[in-house]
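Chains L and V supply the protein sequences, listed in that same order. As numbered in this note's numbering, residues 4 to 487 make up the first sequence, in order. As numbered in this note's numbering, residues 2 to 481 make up the second sequence, in order.
One or more hints might be untrue.
[What the hints assert, rightly or not] Pair ranges (Cβ atoms, derived): (1) L:Pro105 to V:Tyr75: 52 to 60 Å; (2) L:Gly89 to V:Tyr84: 24 to 32 Å; (3) L:Asp337 to V:Asp273: 46 to 54 Å; (4) L:Ala237 to V:Leu213: 16 to 24 Å.
[Unchecked claim] Chain V is faced by these chain L residues, among others (derived, beta-carbon under 10 Å): (5) Thr8; (6) Val90; (7) Tyr100; (8) Pro104; (9) Arg202; (10) Tyr203; (11) Gly204; (12) Ser211; (13) Lys238; (14) Ser319; (15) Ser320; (16) Leu322; (17) Phe343; (18) Lys377; (19) Gln380.
These aren't lab readings, by the way, just hints derived from the structure by calculation. For clarity, every value in this text was computed on a predicted model and none was experimentally measured. The beta carbon of each residue, even a glycine, is placed where N, CA and C say it ideally should be.
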Amino acid sequence: MKLLTLSVHQLGELMERKEFSSEELTRVHLERISQVEDEIKAFVTVTEEAALAQARAVDQKRARGEELSLLAGIPMAITDNICTDGVKTTCASRILYNFVPPYDAEAAARLKGAGAVLMGKCSMDEFSIGPAEEKSGFFSARTPFAPEAAPGGSSGGAAAVAAGEAAFTLGSDTAGSLRQPAAFCGVIGLKPTYGRVSRYGLISYASSLDQIGPFARDMADLALILNTICGHDAKDSTSAAVAGPDFKKSLINDVKGLKIGLPKEYLANTEPRAAVKIWEAAAQLEELGAVCEEVSMPHTEYALPAHYIISSAEASSNLARYDGVRYGLRVDADDVLNMFSKTRGQGFGDQVKTRIMLGTHVLSAANYDDYYVKALQVRTLIKQEFARTFEKFDCLLTPASSTIAGQSRKETDGPLAAYWSKACNIPVNLAGVPAMSLPFGLVEGLPVGLQFIAPHFGEEILLRVGYTLQQNTEQTRLKPGLAC
Amino acid sequence: MSRYEAVIGLEVHVELKTETKIFCGCSTEFGQAPNTQVCPVCLGLPGSTGVLNKKVAELAARAGLALNCKIGAYTWFDRKNYYYPDLPKGFQISQVFRPIAYQGYLDIEVDGREKRINITRAHIEEDPGKLIHASGSIMTSRSSFVDYNRSGMPLIEIVSEPELRSGAEAKAYLEKLKAILEYTGVSDVKMEQGSLRCDANVSVRPVGTAALGTKTEIKNMNSFRAVQRAIECEVDRQIDVLEEGDSVVQETRAWDENKGITMSMRNKENPDYRCFIEQEVSPIELSDEWIKDLRATIPELPDARRKRLVAEHGLPDYDAGVITSSLALAEFFDATLEKFPEAKKISNWIMGELLRLLNARGMELSQSKITPAGLASLLELIEKGSISNKIGKEVFETMFEEGQEPAQIVKEKGLSQISDEGQLTRIIAEVIAKNPKSVEDFQAGKEKAIGFLVGQVMKATRGQANPGVVNTMLREKLAE
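Based on the provided sequences and hints, a complete structural model is requested.
Okay, structure coming up:
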């Protein structure tokens with residue numbers, strides 16, 4: 004079962020040498036899924052037949068000697084808020100329980116175009132809305148490191164990669180959903196710059212914050228995937244008219260002279276056992292020639308409430324289309340207004356309803372200036388603070404999560420408490436900058452992640468730092484507890 | 002004199018003349034089978050994102066410039082959130098906070114008095130789909146259908162200041178607005194196809210007071226005439242309400258064309274649309290240079306064209322007004338004038354025969370078969386005396402319906418005017434012989450009698466005689 008832990012480029016090279024076929028590789032992964040899914044619950048839908056058909060098609064192409072991407076024939080999975088043509092896309096919500104998109108998200112289309120094989124759709128918090136725990140409308144995923152612990156909100160995609168159910172996965176990140184799960188599951192998660200990857204086909208939670216990105220096992224895979232999914236898309240107004248560079252060129256084992264900032268405010272709020280690992284990483288980076296320095300970003304504490312208001316406001320509007328008229332759940336009633344109410348009442352879970360109500364509240368005429376406008380002002384300050392900080396630093400190093408996997412909050416902590424676990428992730432979404440979560444050892448058997456943050460369109464720095472660390476420390480290469 | 006005055010503002014929705022919808026590539030063609038011009042974007046399917054059709058911003062700015070508006074260099078889209086089955090995303094993308102055009106005006110003329118009506122704003126928005134109910138309304142129907150072909154059609158909403166004071170002024174405003182939008186190629190402005198729709202905000206107040214009365218919003222008017230009637234009717238209703246000591250309720254009312262009354266639709270307590278900036282569509286940035294270049298492409302507008310027709314061709318102002326009220330008519334006039342240089346004669350035929358037939362048939366000029374060259378040839382035939390004016394009208398109608406050349410129609414139907422003196426001499430002799438009384442009267446000095454005799458000759462020739470020639474010949478014969 005060694006195949007299940009190999010990286011994409013290793014698998015790709017083995018298939019190029021005809022060591023095994025994509026169909027064989029796909030079958031191994033399908034077997035693995037059926038073996039561990041009861042425990043991991045990373046998938047909402049497994050597309051067995053379609054995956055095998057896709058794999059066979061790639062094998063035929065290879066047999067004909069066609070030139071193929073390294074991604075060709077590689078089993079992947081996509082989080083269930085990214086549309087896949089003809090494959091149910093539910094956002095893990097009852098309200099979309101039967102929704103089959105008639106089109107592919109641009110990022111999904113690019114991966115399929117490269118020949119990657121879709122194994123299925125990954126679970127998530129309902130509409131990505133949720134704190135650190137899985138609040139799926141269906142069931143909850145688990146990190147393979149500790150089956151009793153949640154994989155971090157809100158992507159089963161990280162768990163799938165860690166458990167060997169797919170070689171890489173695609174997810175989205177509105178409040179850390181690519182970075183915290185990566186940290187909790189011991190894989191790499193990268194949230195690209197807002198606008199770097201097309202949002203066409205990503206089902207919106209908070210339009211100004213959502214961004215698609217990959218979960219992967221090593222930096223070379225990350226570069227390979229980014230090379231495929233990045234770049235301008237004329238169908239998406241938020242897609243930046245910036246060509247994606249060749250990210251493979253950033254796989255450089257050298258951080259000499261790189262200036263790395265450690266924001267005090269991020270560390271202050273972090274669970275001490277996780278914070279220790281940050282200092283350890285900083286020391287290692289210094290040994291490798293980087294310059295690490297503490298820096299203060301005083302607006303950080305306002306990021307969470309601002310994010311909460313903005314994301315709730317946008318969600319309340321983005322989720323208005325689920326009304327039972329055209330697709331998804333419809334609960335019949337005597338008239339159309341009652342049909343709307345009953346459909347939405349039964350279709351959405353509590354987390355989602357809470358956010359819709361909050362969003363409606365902060366956007367209402369009486370509260371707009373006090374909440375929504377204020378939050379936008381805070382957002383501007385946070386953006387400016389990042390811009391100022393990046394005048395002095397090439398990138399920032401913070402914890403990928405303020406908590407360690409498995410720390411469940413108490414019901415009495417209130418709804419915001421859980422969000423504090425994402426306090427290190429959230430400012431990044433507000434600023435629209437790229438950030439990466441990289442595994443860095445274990446604390447009491449549970450994985451801890453580093454978060455590196457770069458300026459807009461500075462993904463290359465993240466790859467360089469990550470690659471250097473991966474070349475120089477075993478801590479970045481974790482093996483999950485589940486036997487592979 | 003009424004103790005009250007009406008305060009009227011109009012909100013006009015105009016569909017922009019683009020090939021494709023506002024945020025997707027679907028066709029905007031009118032009258033296709035339901036739900037055949039749709040895609041994930043205009044259906045608002047989960048995950049779909051749209052991109053602004055550049056032509057939309059151009060046409061909207063063009064309309065703004067033609068309406069003397071200022072153009073916003075940086076404007077954006079906002080979301081207007083509300084639930085309705087025809088609204089696929091649960092919000093409408095509109096420009097709430099910053100319209101692309103604002104602070105403009107247009108000039109109207111009612112009963113010979115000119116008046117400037119200020120325009121508050123013109124903003125871009127998307128049209129929702131269209132509901133079709135099995136019976137009456139959505140609340141009473143067992144089932145309703147939605148056609149999303151209209152969803153995502155690009156609109157501009159043009160909002161006037163409440164400066165109109167009568168239904169007649171409102172109608173004049175709409176006619177002028179329609180002409181300007183037609184001239185600038187912004188819209189087809191066809192009310193019957195829904196490419197121009199008008200809602201009226203109406204209130205009344207005692208003459209001499211400044212405070213506004215409670216307003217009602219009137220909808221469901223399908224012609225400019227209906228707008229005028231609905232406003233007049235609503236103003237009377239509101240005055241009656243106030244006279245009886247009651248107060249006007251703020252509400253939306255629907256015009257019932259058949260009954261000729263407005264009826265309450267729903268109470269409108271300023272719904273909270275929770276508007277905020279649309280994040281998924283880019284803002285519109287227009288450079289001064291671009292606006293300048295666009296301004297240079299605005300053609301001559303109705304008022305200027307009207308003045309030119311008066312000054313250059315000596316047309317009466319009234320004629321010029323009618324002809325320039327529609328670009329199609331004005332272009333028809335100009336094209337005819339190139340081939341037949343008598344402006345007033347052309348104008349008489351346009352205002353008389355052409356408009357009469359168009360109105361009677363309920364047709365657009367483009368649907369008739371008449372051409373400027375055809376009308377010019379016809380006028381030449383009349384000018385040369387080949388046919389009479391009366392026969393000309395008959396020929397015109399045939400041209401209008403069938404589009405043949407006038408000379409051909411005249412030949413085929415044997416309508417050519419009899420100017421052959423030999424043939425006429427015989428007929429005139431017969432008429433004189435049959436009407437000794439009239440001959441006597443004429444010779445006794447009764448000038449009128451000649452008219453009767455000419456008429457008899459015309460009758461005998463079934464209208465084909467040249468009346469001028471007949472007149473001269475009769476006088477000569479009678480003088481003998």
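(message) Of all the hints numbered above, which does this structure not satisfy? Sort the numbers upward.
(response) 1, 3, 4, 5, 6, 7, 18, 19
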